[in-house]
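Assemble the complex: chain A is given as a structure, and chain B must be docked to it using the hints.
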Amino acid sequence: MLEVDGGIVFWILSFVILVSGFMVVSLKNVFHCALALVLCLFTVAGLYILLDAEFLAAAQVLIYVGSVAILLIFEVMLTSKLADKRITQSNDQALVGFFICTLFAVAAYLLIKFNTIWYPLAKSALPSDNILTIGKYLMTEFMLPFEVVSILLVAALIGAIALARTEKS
Amino acid sequence: MIWPIASAELLPLFSYLYELLESTGLPQPWLAVVVYTFLAALVFGVLSLLALFLVWWERKIAAHIQQRFGPMRHGWHGWYQTIMDAVKLLQKEDIRVATRDKTVFFWAPVVCFVAAFLAYVTIPFGEGLIVADLNIGILYIMAVTTFTVISLLMAGWGSNNKYALLGGMRSAAQVVSYEVPMVASILVVVLFVGSLSMVDIVQAQAGGIWNWYIFRLPYGPIAFCTYIIAATAEANRTPFDIPEAEQELVAGFNVEYSGMKFAMFFLAEFVNAFTVSAIAVILFFGGWHGALLPSWMWFLGKTFGIVLLLMLFRWTYPRLRVDQLMEFSWKFLVPVTFANIIIAAWFKYAGWYW
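The listed protein sequences derive, respectively, from chains A and B. Position one of the first sequence corresponds to residue 217 (our numbering), numbered consecutively onward. Position one of the second sequence corresponds to residue 21 (our numbering), numbered consecutively onward.
Treat the hints with care, as some may be off.
Think about it this way: if two alpha-carbon atoms lie no more than 35 Å apart in a straight line, the pair counts; the simulated DSBU-like pairs of lysine-lysine are [said to hold, decoys possible]:
hint, chain 1, residue 1, chain 2, residue 2
1, B, 122, B, 108
2, A, 352, B, 351
3, B, 112, B, 122
4, B, 351, A, 244
5, A, 329, A, 352
6, A, 352, B, 368
7, B, 80, B, 182
8, B, 122, A, 244
I should point out that these hints are in silico values taken from the structure, not numbers from a laboratory.
In isolation and in its complexed conformation, chain A is listed as follows:
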């Protein structure tokens, strides 16, 4: 068994998340922003791995990097003329955005600080196979929310197709 200090890894990951997150909103080229978003989402997956939530990490990469970010990049490429580098990001609402984000951050911090009961958890108390546990809970206790989310996603999918469909004359 090797022991690795997770602290250093956490600081490195957090630094990359913050820098890439800032790049997403500050870079001029929209394509570069999308790539910075990919980096940001990927390092967030790294944080999940630090928390022993491997399934969440894999899902994060698979869904956000693998699908959402790719489609985002795809849209960037399709908008405006092909390969037009002049589409730039506008930061007109930076001040308002900053204000709202700060408010949100403070609110989240206060909520977590005062409203969460922290349990000290022994390492051995964690389920060794957390996918199994997630699967069981999704199929039993959280069946209803799971199904509701599924129906919502299907509705969104059908809605998107209905919007994008061109009527045949």
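Chain B only, in chain A's frame:
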């Protein structure tokens, strides 16, 4: 925080190195860094050699299908032709377009190369020959291989060339569509094993050829067929190679790349072909299981068999049109794989274990 290295107990060479380093009194974090670096270098070296071999093999097979000889001049039937090619590419001038997007152009081959090798963390080359047996094994591979698409998009955009851009966009559309049937066909096996870990999947198939999932499950052959079709598309190989269709797009996303950067794309492509074949072997052909020969030989042999299948596809089938490609995925593969999952779930529920 403890990060276990699964192979510390399993891989003899690895545990030997570990003990050697531990006896020198190296502190723990540095020990981990050194051991992991060594392991990464080992996997990287082996895979690069494999990819070079596969390039030669592909050229020979293509040549023989077309009644040619292929490379003949370097060694027996040109066996070190690709090594010479690699040396040549290393020396070549790195031509860069003036209008390129500098950072994106530089990083695209790097991301592509790294993404191709990331999957090998959880691929067992033999009994105990695995870097880390993650309990999300197959899901991890599905996740990291998506970076290949991003690298292709980066290459397409960074080159500032309309052919490259079209190649990158086609690739993204294709991979996003074919990921659905690919994951769905993998799910059939995962459902039966009840685990995502690669080692668990292989061990569930122990004990003879009839325990391999392609023969053991009545719906196994269908799952294998849909998997191999989707995997061919994921690896951007003919008949699904519209991202680099030569007659339409010159060379697709890598048209502006030369020298070592091109070599990185090229090698990554063959590593990807090997990856999808290795996954097919692990899921459907019993992984490292086999009689008499050592386990890694069985694994490599079976994987080369699947790679051969991919190569035969490539040189015998014509390329699909874009709309045919999309329709084939969404209107044929997706319904078939979903029906397969439902059948598999029913079998599992009813307890009909073959």
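For each hint, the structure was consulted:
1. A C-alpha spacing of about 25 Å is found between residue 122 of chain B and residue 108 of chain B, which places the hinted pair at or below 35 Å, so the restraint holds.
2. Under the criterion of a C-alpha separation no larger than 35 Å, the hint pairing residue 352 of chain A with residue 351 of chain B is consistent with the structure, at around 32 Å.
3. Pair hint residue 112 of chain B plus residue 122 of chain B holds up; C-alpha atoms about 20 Å apart against a cutoff of 35 Å.
4. At most 35 Å may separate the alpha-carbon atoms for a hinted pair to count; residue 351 of chain B and residue 244 of chain A exceed this at roughly 40 Å.
5. As the CA atoms of residue 329 of chain A and residue 352 of chain A are separated by approximately 30 Å, the hinted pair is consistent with the 35 Å bound.
6. At roughly 16 Å between alpha-carbon atoms, residue 352 of chain A and residue 368 of chain B fall within 35 Å of each other, so this suggested pair holds.
7. For the suggested pair residue 80 of chain B and residue 182 of chain B, the alpha carbons sit about 33 Å apart, so the restraint of at most 35 Å is met.
8. Note on residue 122 of chain B and residue 244 of chain A: the hinted pairing holds, with a Cα-Cα distance of about 15 Å set against a maximum of 35 Å.
Of the hints listed earlier, the one the structure fails to meet is number 4.
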